[in-house]
Structure formats: C-alpha cells, structure tokens
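Protein chains: 2
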Amino acid sequence: MSATYTEADLLAVNTIRTLSIDGVQAANSGHPGLPLGAAPMAYVLWTRFLRFNPLDPHWPNRDRFILSAGHGSMLLYSLLHLAGYDLPLEELKHFRQWGSKTPGHPESHMTAGVEVSTGPLGQGFGNGVGMAMAEAFLAATFNRPAHTLFDHYTYGIVSDGDLMEGISAEAASLAGHLQLGKLIYLYDDNLISLDGPTNLAFTEDVLLRFQAYGWHTQRVSDGNDLDAIEAAVHAAQAVTDKPSLIAVRTIIGFGSPKAGSSKVHGSPLGPDGVRATKQALGFDPDQSFVVPGVALELMRAPGESGAQLQKAWEQQFAAYAAAFPTDAATIRLALAGELPSGWDTDLPAFSGEVATRDASGKIMEELSRRIPWLIGGSADLSESTKTPASLTKTFQYGSYQERVIWFGVREHAMGAAVNGMAAHGGVIPFGGTFLTFSDYMRGAIRLAALSHYPVTYVFTHDSIGLGEDGPTHQPVEQVMSLRLIPNLHVIRPGDAAETVEAWKSAITRRDGPTALILSRQKLAVLDRSKLASAEGAAKGAYILSEAAGGAPAVTLMATGSELEIVVAAQAVLAEKGIAARVVSMPCWELFAAQPTEYRERVLVPGGARVSVEAGVTLGWQRWLGERGIAIGVDTFGASAPAKILYEKYGLTVDKIVEAAQGLIG
Amino acid sequence: MSATYTEADLLAVNTIRTLSIDGVQAANSGHPGLPLGAAPMAYVLWTRFLRFNPLDPHWPNRDRFILSAGHGSMLLYSLLHLAGYDLPLEELKHFRQWGSKTPGHPESHMTAGVEVSTGPLGQGFGNGVGMAMAEAFLAATFNRPAHTLFDHYTYGIVSDGDLMEGISAEAASLAGHLQLGKLIYLYDDNLISLDGPTNLAFTEDVLLRFQAYGWHTQRVSDGNDLDAIEAAVHAAQAVTDKPSLIAVRTIIGFGSPKAGSSKVHGSPLGPDGVRATKQALGFDPDQSFVVPGVALELMRAPGESGAQLQKAWEQQFAAYAAAFPTDAATIRLALAGELPSGWDTDLPAFSGEVATRDASGKIMEELSRRIPWLIGGSADLSESTKTPASLTKTFQYGSYQERVIWFGVREHAMGAAVNGMAAHGGVIPFGGTFLTFSDYMRGAIRLAALSHYPVTYVFTHDSIGLGEDGPTHQPVEQVMSLRLIPNLHVIRPGDAAETVEAWKSAITRRDGPTALILSRQKLAVLDRSKLASAEGAAKGAYILSEAAGGAPAVTLMATGSELEIVVAAQAVLAEKGIAARVVSMPCWELFAAQPTEYRERVLVPGGARVSVEAGVTLGWQRWLGERGIAIGVDTFGASAPAKILYEKYGLTVDKIVEAAQGLIG
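Chains A and B are the protein sequences, given in the same order.
First residue of the first sequence? That's 1 in our numbering, and the numbers climb one at a time after it.
First residue of the second sequence? That's 1 in our numbering, and the numbers climb one at a time after it.
Honestly, I wouldn't trust all of these hints.
Identical copies carry no separate label here, and so any pair may be met within one copy or between two of them.
To be verified - The list that follows gives simulated cross-link-like pairs (lysine-lysine, BS3-like), each with its CA atoms no further than 30 angstroms apart:
| id | residue 1 | residue 2 |
| --- | --- | --- |
| 1 | K393 | K539 |
| 2 | K393 | K258 |
| 3 | K643 | K576 |
| 4 | K504 | K258 |
| 5 | K258 | K362 |
| 6 | K643 | K93 |
| 7 | K263 | K522 |
Hints in this document: simulated from the structure, not taken from any laboratory.
Build the full structure now, drawing on both the sequences and the hints.
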C-alpha cells in the first residue's frame with residue numbers, strides 16, 4: 001500500500017464494490033461496471049475531502065457530491081449507507097424494487113443524501129455547474145471578512161457518456177468562462193461505453209478540450225492508486241480560479257471476470273460472476289451485503305467529523321447573525337425557501353397595450369428588488385425575453401454577487417444549471433429563452449419536474465404571433481407538449497394582469513417548476529372594471545366574462561394572446577343575440593387541481609364550447625367535450641407579419657363567431 | 001486590392017451586402033449584421049470554390065453550402081439570386097412576407113438552393129456533418145478507379161451561437177472522430193452575440209477546442225481579406241483526413257453606423273442606417289436592390305461553369321453505367337428515393353412472444369440486406385435498441401462503405417446528422433435511442449418534420465414497461481408529445497406483425513420523418529388467424545377484433561404493449577356478456593388522414609370507449625368522445641420490475657373491465 005492508505009482502506013473500497021454488485025445482483029438488473037471501477041476515487045473523495053453530515057443532509061455549507069453517471073447508482077447507495085445516511089442495508093437489498101429508496105437511477109426527492117437526480121447523461125454535470133454558481137453567489141453576497149459562511153466544494157464523478165453529451169459541453173464552457181474554482185469533477189475514464197470500446201466513436205482529446213474551455217486538467221493513470229487520486233484532488237483545490245477535471249484511468253468492472261469489457265457496463269454479473277469477483281477482491285463468495293467493521297469505521301468517520309464541522313458552522317452563523325443581523329435574516333429566509341414579507345404587494349399594474357413579455361420584465365425588475373436571491377438570466381436573449389439584462393453588472397468571476405447571468409446560447413446547460421441552483425438552495429433561479437427553444441432544454445425541464453425543483457422558465461415569443469422569424473422560431477406544439485410533462489405548471493397569461501398572477505404562482509411554488517409562456521406581440525390589457533379580476537388566474541381557469549343573463553349558449557375558452565380575440569368575439573355574438581361566456585384558462589394544471597364543483601361551474605358539463613389557442617389543438621379535447629370545436633394551428637407556421645398570420649391561420653373573431661354559431665345553430 | 005481580386009469583386013461583395021440590408025429594411029425585420037460582416041467569405045466560397053448548377057439545384061455531386069447561422073438568411077437569398085438560382089429580385093423585396101420564397105430563416109422545402117432549414121442554432125452545423133457522412137458513404141461505396149462519381153465538399157458558415165450550442169459540440173466531436181476531410185466550415189468570428197459582446201459568456205479557445213476534436217483549424221485575421229480567405233480554404237482542402245474550421249475575424253454590421261455592436265445583429269438598420277451604409281460601401285443611398293452588371297457577371301460565372309461541370313459529371317456517370325451497370329442502377333434508385341423491387345416481400349414473420357424492439361431489429365437486418373443504402377445507428381444503445389450493431393464493420397475513416405454508424409452518446413447530433421443525410425440524398429438514414437432521450441434530440445426531430453426529411457427514428461424502451469431503470473428513463477409524455485409535432489408520423493406497433501407494417505410505412509414515406517415507438521419487454525405476437533390482419537395498421541387504426549355480434553357496447557382502444565391487454569379484457573368482458581370491440585391505433589396521423597367514412601366505421605360516433613396506453617392521457621380525449629375513459633400514466637413512473645409497475649399503475653385487464661362496465665353500466 002501507500003504511506004497514507006492501508007489494507008483497511010482497500011477493504012473499505014472493496015466493501016463499496018461488493019455491496020454494489022450484490023445490489024445489482026439482487027435486483028438482477030443494473031450497472032455493476034462503474035461501481036467496481038470508480039470505487040477508489042469515490043472512497044478518496046468521501047473519506048479525505050467531502051464535508052457532510054449524514055444526520056443533516058441539508059446542512060447548507062456541506063460539500064456537494066454528484067454522481068453524474070447515474071447508472072452507477074449502486075455506488076452512490078453503497079457510499080450513502082456506509083457513510084451513515086438514512087439508507088439501511090435493507091434498502092440496498094431492495095435496489096430497483098417498488099417502494100425502495102434505491103431506484104434504478106438516483107432521485108433527489110427519494111433518497112437522503114442524493115443531491116440531484118441523475119441518469120440522463122450530462123444532466124448531473126450541468127447541475128454541478130449550477131451548484132457551484134449558487135455557492136459562488138452566496139459566498140460573494142454574504143461572506144464577510146472573518147465570517148466565511150459559504151465555501152463548499154461541488155464534486156462529481158462523470159463518465160464518457162456525460163462528456164459526449166452536448167449539455168455537458170455547454171456547461172463546461174460556461175463553467176470555464178465563469179472560472180468556478182470550487183467545481184471539481186473526476187472523470188471515470190474507462191475507455192468503455194455501452195456498445196463497446198469508446199474509441200469507435202469518441203477519440204477526441206478530452207483534457208485538451210477542457211483546457212480550451214479554461215479548465216484545470218490532470219490525469220491519474222491508475223484508478224486504483226489512492227494516493228495519486230488524493231494528490232490530484234489537492235492540486236485541483238489549489239487552483240482557485242478554474243474548475244478542474246481529473247481524468248482517472250479506471251478499469252470498468254474491476255475485479256470481475258468481464259473487467260474491461262462493455263459486457264460489464266449494464267448487466268448484472270450473474271451469480272458466478274459475483275462469486276468470482278468477491279474472490280478476486282478477497283471477500284467470501286458465499287456471503288452477500290457484507291460490511292466489515294473496520295470498513296464501516298473508516299466510512300463513518302467523515303460523517304462524524306462532518307457533524308462537528310456543521311456544529312462549528314452553526315456557531316459561525318450565530319456570530320455572523322450577531323454582527324450582521326439583517327444579512328443573517330435574509331440568509332435564513334433564502335435557505336428556508338421563504339419569501340420576504342410584502343414581496344407581492346403593489347406589484348406593477350398595467351394599462352393600454354402591453355406584450356406579456358414586457359409585463360413580465362417589469363414584474364421581474366420589481367421582484368428582483370424585493371427578493372435579493374432571485375437570480376438568473378437567459379440563453380443570449382435577455383433583451384428579447386425581457387429577463388433582467390445588463391452589460392456591466394453581470395455574474396462573472398470577480399462579481400459573483402451580481403444576479404444577471406449570461407448563460408450564452410446554451411439552453412440545455414441553462415436548464416441543468418438552474419436545476420442545480422434550485423437543488424443547492426438559497427437562491428430562486430430562473431432561465432429564459434424563446435419558447436421554441438424549450439425543445440433544446442427539455443431534458444432538463446423534465447428532471448426539474450421529476451425532482452420537484454422550484455425553477456421558473458421565462459419562455460417568450462410563444463406562437464406564430466412572433467411573426468416574421470417564421471416557422472423555425474414559431475412554437476406550435478410547445479405549449480401543449482410542456483403541459484404533458486407531469487408536475488410542470490404551464491402558465492400562459494392572457495394579459496399583463498394575468499402575468500402578475502403567473503409570476504406570483506411561479507415564485508410561491510416550492511415543489512416543482514413553472515413555465516411562463518409569454519407573447520412577443522402587444523396584447524390589450526383587459527378592462528377589469530368590466531371583466532373579472534385576474535386573481536381568478538390563480539385557480540388556473542376562471543370566468544372572465546359571463547354571458548348576458550348568466551346562461552351561456554356557448555363558452556369561449558382561450559389562453560394568452562387569444563384571450564382578447566374571444567372577448568371581442570363575445571361582443572359580436574351578443575350583437576347576434578347569442579349569449580357567450582368567456583373563460584380564461586392560463587394554467588391547466590392548476591385548474592385540474594380545483595374541486596369538481598368549481599370546475600363544473602366554470603365549464604358547465606355538456607355545454608357547447610369553442611377553444612382558441614395559437615397552437616396545436618390536440619389536447620384541447622380534454623376541455624371541449626363531445627360538441628366542442630378547437631380553433632388552433634395544426635401545421636407549422638409561416639414567415640410573415642403577425643397580423644397577417646392570424647388572418648391566414650383563422651385566429652380571428654369571424655372564425656370564432658362562425659364556429660360558435662355552427663355549434664349552437 | 002490583391003493580385004487576384006479587383007474592384008469588381010469588391011463591388012460584388014458590396015452588392016451582396018446592400019441587397020441584404022435592403023431586404024431586411026423592406027421587411028423592417030431581420031438580421032443585417034451577419035450579411036454585412038460575412039459577405040466576403042461567402043463571396044470567396046461561392047465564386048472560387050462552390051461547384052453548383054443553379055439550373056439544377058439537385059445535381060447529386062454539387063458542393064453543399066449551409067448557412068448554419070440561419071438568421072443571416074438575407075445573405076443566402078442574395079447569393080442565390082445573384083448566382084442565378086430561381087429566386088427573382090422580387091422575392092428579395094418580399095423578404096419575410098406571406099407567400100414569398102424568402103422566409104425569415106431558410107427553409108429547404110421552400111427555396112431552391114437552400115440545402116437545409118436553419119435558424120435554430122447548431123442544427124446546420126450538425127446537418128453538414130451528416131451530409132459529409134453521406135458523401136463519404138456514397139464515395140466509398142460507388143466510386144471506382146478512374147470513376148469518381150462522388151467527391152463533393154460540404155461548406156458552411158457558422159456563428160458564435162452555433163458553436164455555443166451543445167448540438168454542434170457533439171457533431172464536431174463526431175466529425176473529428178470520423179475524419180471527414182471534405183467538411184469545411186467558416187466561422188464568422190465577430191465577437192458579438194445578441195445580448196452584447198461574446199466575452200461576457202463565451203471565452204473558450206474555440207480553435208483549441210476543435211483541435212481537441214481532431215479538426216484542422218486556421219485563423220483569418222481580417223474578414224475582408226479575400227486572398228487570405230481563399231488561401232485558408234485551399235489549405236483546408238489540402239488536409240484530407242480532418243474536417244476544417246476557419247475562424248474568420250469579421251466586423252458584424254460592417255459598413256453600417258452600428259458596425260461592431262450587438263445593436264446591428266437582429267434589428268433593421270433603419271432608413272438612415274441603410275443610407276449611411278450604402279454611402280460607406282460606395283452605393284447610391286437613394287436606390288435599393290441595385291445589382292451592378294459587373295457584379296452580376298462575376299456572381300453568375302460559377303453557376304455557368306457549374307452547369308458545365310454537371311454535364312461532364314453526367315458523361316462520367318454514363319461511362320460508369322456502361323462499366324458497372326448494376327451499381328449505376330442502384331445509384332439511380334437511391335438518388336431518386338426509390339426502392340428496389342421486392343424490398344418488402346417476405347419480411348420476417350413472428351410468433352410467440354417478441355419485444356417489438358427485437359422484431360424491429362430482425363426486420364432491419366432484412367431491410368439492410370435488401371436496401372444497401374439504408375444507413376444509420378444509435379446513440380451508443382445499439383444492443384438495446386436492436387439497431388444493427390457491429391464492432392468490426394462500422395462506418396469509420398477507412399471504412400466509409402460500412403453502414404453501422406456509431407454516433408456515440410450524442411442524440412442531438414445524431415438527429416441533425418440523419419437530417420443532413422436525408423437532405424443530401426442517396427441514402428435512407430435512421431437513428432435510434434431510448435424513447436426518453438428523444439427529448440434530447442427534439443430540436444432536430446422538429447426540423448425533420450418541418451423540412452420534410454424522410455428519416456426514421458427507432459425509439460425503444462417506450463414506457464414504464466422498461467422496468468427497473470426507473471422514471472428518469474421511463475417515457476411517460478414522449479409518445480404524445482411526438483404526436484404533437486406536425487408532419488411527424490408516430491407509430492407504436494402493438495406486436496411484431498404491426499412492427500413490420502410500421503417499418504414499411506417508415507421506409508416508403510418520402511415527405512417527412514417517422515418515429516417508431518418500440519417496447520423493451522416481450523409482447524404476445526397476436527394470433528392473426530383469429531384477429532384482423534396487421535395490414536390494417538397501414539390505415540393508422542383498425543378493428544383488430546370485432547365485438548361478438550358486430551354490435552359493440554364498448555370499444556377498447558390501445559397502442560403498443562397495451563394492445564394485448566385490451567385483447568384479454570375483451571375476452572373477460574365477453575364472459576360477462578359485454579360485447580367489446582378492440583381497435584388498434586398504432587398511428588394517429590395515418591388514421592386522421594383516412595376518409596371520415598372509414599374513421600367512423602372504426603370508431604362509431606357516440607359509442608362508449610376506453611383507451612389504454614402506458615403514457616399520459618392528455619390527448620386521448622380526441623378519440624374518446626364525451627363518454628370515454630382514458631387509462632394511462634399521468635405521473636412519472638417508478639423503479640421496479642415491469643409487471644409490478646403495470647399492476648401499480650393500473651394498466652391491467654381488471655381496470656379495463658371495470659372502466660368498461662362503469663361506462664355502459
């Protein structure tokens with residue numbers, strides 16, 4: 001062994017390995033290759049560097065650890081169990097089973113100590129960048145001389161697959177630009193991917209690429225050399241103005257009969273393979289889920305010192321609170337996910353004609369003033385999306401206290417970074433781009449919804465109403481496709497007043513993401529003295545304008561920019577003696593959550609209904625009933641001024657009136 | 001000027017510039033910055049290198065030119081007009097107007113000479129990689145000593161935004177790995193993006209990054225230096241085993257009052273700005289859309305020699321056909337997008353229990369044998385998706401004639417590359433991954449649908465039925481969200497026999513992409529002696545099993561893996577005296593295109609209906625009518641064996657029977 005590592009350490013490493021393959025074998029499903037190869041680097045990280053308290057997985061200044069290669073989940077579960085987190089051995093035995101805390105890929109809302117949900121490759125890599133950004137922001141904002149509250153590292157283990165994905169390329173470029181010195185990734189460089197040797201598809205010079213991004217890079221030539229790994233992490237820490245990538249040459253499936261082959265990547269070793277591996281690692285092949293006492297002791301030690309570190313940190317915080325009571329109060333609120341009192345009083349009011357993106361921009365300015373931990377930006381479209389823009393006060397190395405983030409033209413990394421920020425805590429993150437390009441970040445949006453991250457997306461240019469840019473930029477299917485994602489709130493406000501309500505909903509939501517869908521074009525600010533209050537939007541849908549006499553012959557439903565059109569159609573129908581109700585439906589998810597009684601009050605069962613939305617009609621049938629007519633856009637858009645497009649695509653008062661008449665006539 | 005370029009050339013360059021700003025100004029919308037900065041490199045490329053015949057934009061061996069930075073579309077339209085393509089000056093005057101051939105971003109199906117639709121950044125970059133792959137494949141397969149039929153270049157102009165996107169990072173890594181020497185990109189390196197200077201978000205060393213990918217890189221320090229640009233392209237051509245990136249330092253908005261600023265990126269110059277720019281470029285500020293004769297002459301010349309080149313190529317082809325008649329016949333078929341006779345006779349038949357992914361794999365093997373220009377692969381999931389896999393016979397530098405492509409874990413680049421291959425012609429491309437990761441390539445899928453590219457996606461692991469991998473890998477919303485994309489066919493076959501029909505549909509479709517949605521788990525091969533023939537799948541939906549007596553009390557609708565469950569439910573209902581019809585609905589788009597009469601025969605209006613699909617129910621209401629019940633999965637999945645999940649999520653015969661009874665009872 002080495003000077004600092006003993007046989008006991010090797011036993012602990014092999015305990016991680018054998019627990020992991022036992023879990024996979026018990027499930028008869030999973031990925032044994034990564035844990036066997038990467039256990040040594042994980043062991044060094046967890047016992048020599050990672051500061052954490054397993055009894056309080058939410059200690060704000062803990063180091064973060066991300067297993068970006070989430071398919072190696074048994075590695076993480078073994079580590080969590082051995083380190084003393086609330087993950088009993090029984091859970092490892094129920095790997096990948098119904099109701100267990102050990103799902104096939106790590107899910108942060110399921111398992112204490114799992115920082116982020118990973119599995120879809122590259123996401124964890126991007127999450128870590130967001131976590132390091134959140135730490136940098138909190139440190140720059142709140143640390144004071146002799147009062148260092150925030151100074152944790154973000155570590156990760158990343159794989160070939162992670163590094164091939166575009167999302168991590170974007171995130172790496174961003175992290176290098178931002179010079180995130182406390183971000184340290186170990187690259188499980190095992191030369192094998194699912195289909196076979198990586199050199200059939202992946203022969204780039206990874207370290208040179210990361211140098212080009214501005215990263216500090218190192219290579220450890222033997223993934224079993226604990227000293228070398230430790231030295232590399234120390235060297236990475238010493239470079240404080242660059243993120244670090246340490247390529248560690250490992251052998252996938254180390255110790256198993258199929259070591260070094262793609263056959264060991266994603267399939268259980270089989271009973272014989274497990275036996276042979278245990279023998280090779282010096283374990284009894286007849287026993288499973290064995291945790292030698294000395295190994296447990298070594299693995300428990302860091303958590304025990306971590307508990308002490310947290311105590312010390314809490315004392316530091318008390319001293320800080322004495323010296324800077326206002327800041328301390330702010331930190332407490334931010335970390336608790338609460339909001340300052342009065343944050344939502346007297347938000348901007350609007351009149352005349354205002355694009356909902358412009359309304360959103362003004363609301364955000366106000367929210368930013370009131371919530372100094374609201375932080376975000378756009379994918380190089382700040383002026384278009386009206387997310388706060390600045391050329392001088394931006395989140396950069398040396399000015400991490402600024403809250404305007406330039407994500408660059410990197411939608412997917414933006415999505416992963418805001419997820420990481422939300423998972424980190426202490427900040428309320430948002431990201432903006434054109435709605436069409438939500439497609440580019442859909443992988444990250446889905447993980448936000450799955451993992452309950454409170455993230456806000458500002459998606460503008462929400463339909464053919466953006467006009468001349470044409471069909472490549474005109475969303476048609478995106479609003480509905482976002483509605484399909486479970487646990488995502490999609491809010492498409494119909495005017496500036498509903499935009500205020502939309503932002504309130506997004507900011508207060510703590511258990512999942514919200515997508516705001518906003519117009520490029522100006523919309524009438526509806527006259528609420530004659531129409532219902534926009535506060536009805538909080539229920540997802542509401543009667544904006546009742547039919548004359550309260551007995552609608554037809555109900556006109558719309559969202560967003562089409563709301564003013566149905567209001568106009570209601571008047572025309574009234575002239576024709578047809579009583580129409582107008583229902584605004586900015587958020588289907590909120591509406592669906594209302595009691596049946598409320599829903600049936602808004603949409604009378606069996607009633608004639610017309611829906612109008614500048615997007616695909618598939619999905620609207622949910623609210624239309626058998627007799628309903630959906631007016632929408634079921635083909636791609638076209639390049640022309642918006643008004644002409646609305647005419648050509650039939651999003652007009654005339655067409656609505658015609659449809660309503662046809663329905664009831 | 002230089003030794004080889006004269007004032008006349010400069011005049012031509014400035015003609016491109018002024019036409020472009022006139023187009024933007026006429027539309028009062030668009031992006032003048034890129035055309036003003038990049039006109040010189042475009043001019044050099046189009047007059048000194050590009051081999052094309054404007055009178056036959058489909059000449060198979062033409063060089064391809066891609067404006068990946070599609071927002072600079074007026075540059076391309078100016079070039080096409082001046083070079084003699086079918087794009088009259090009138091069209092330039094109607095830039096971005098309804099019905100014009102000059103939409104805001106280039107669309108390949110709208111405008112002759114536009115090779116691919118671009119605008120969403122990074123897509124064109126990836127398309128070019130696919131085009132170069134197609135060229136390499138055709139050259140390696142069909143060229144013979146002294147008979148070089150395929151040897152064209154693929155050129156492109158790419159922007160900062162393109163290079164920040166992850167899709168281009170993936171595509172660049174792939175292109176470098178594949179050593180695509182005939183791919184040459186000019187990088188419009190103008191230091192400005194939409195929000196301001198690129199150095200606020202993008203400070204990586206781009207050329208070093210591309211060297212890491214294995215590219216040949218060069219820098220041209222003055223984007224107006226035509227000689228330097230020409231020399232660089234020559235140098236790029238000389239390197240035959242690496243793709244090339246030439247960074248050309250340009251001034252965005254060159255010649256305009258706002259040159260060098262982000263203000264000139266995406267907004268018209270305004271009348272005064274246009275006047276000032278024309279004056280600076282030596283043009284009459286009082287005239288618009290001016291094409292000096294000498295400029296036209298210079299720009300028309302390449303097309304005229306191109307027509308001669310095509311003639312010579314056709315003679316070459318005739319000589320080739322005489323020497324290799326079989327190969328020539330194959331080439332003709334492939335280029336025409338036709339299929340060899342008998343390609344679909346005696347496709348595999350199946351019995352017992354077969355996962356549709358396995359059926360698909362066997363069908364593909366057969367199709368590959370019969371259609372030697374069927375080419376594709378997967379994003380490192382060949383063994384899982386059952387797309388043809390090989391470790392030895394793969395498409396690589398030195399073996400470009402092979403048809404198994406290792407795309408690596410690069411879904412988005414795969415999507416863009418197969419688009420490029422389809423746009424190139426002569427090959428039938430496909431790409432495969434897990435259905436969940438279709439999210440990662442959605443931007444490319446959308447462009448395939450918009451641009452009518454005949455591409456096939458093999459998406460397997462199509463529901464919670466994949467089991468233990470858990471919710472990060474279990475598609476829930478993806479089938480429906482793909483159905484929302486206009487012009488995309490989504491086919492989810494219910495058994496192996498329907499999988500044959502699905503492949504037939506995909507292979508014969510020429511005007512858009514098809515997504516095959518396939519199960520990981522085994523499914524019963526339905527007994528067609530008792531049930532209707534799977535050929536009904538060609539109509540999108542069909543009566544698989546009529547209710548006893550032909551008068552259904554309830555219709556059970558399903559797709560994919562849920563089809564066998566509703567068949568079983570039908571039998572249970574029959575025992576209870578309830579006559580149920582079973583309708584298989586593998587492809588909604590095909591069904592919606594059937595005559596009303598057929599549709600109403602399959603789904604009797606007003607009838608009681610139950611739908612069963614292991615995905616979100618939103619959308620099924622389209623077929624359910626007022627009284628229908630949708631059985632599906634409206635939350636994320638979970639990690640457990642598939643059979644347990646089907647129980648827990650209620651995708652069972654019992655639940656279906658219960659729903660049917662509830663409906664009619």
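Which hint numbers doesn't this structure obey?
1, 4
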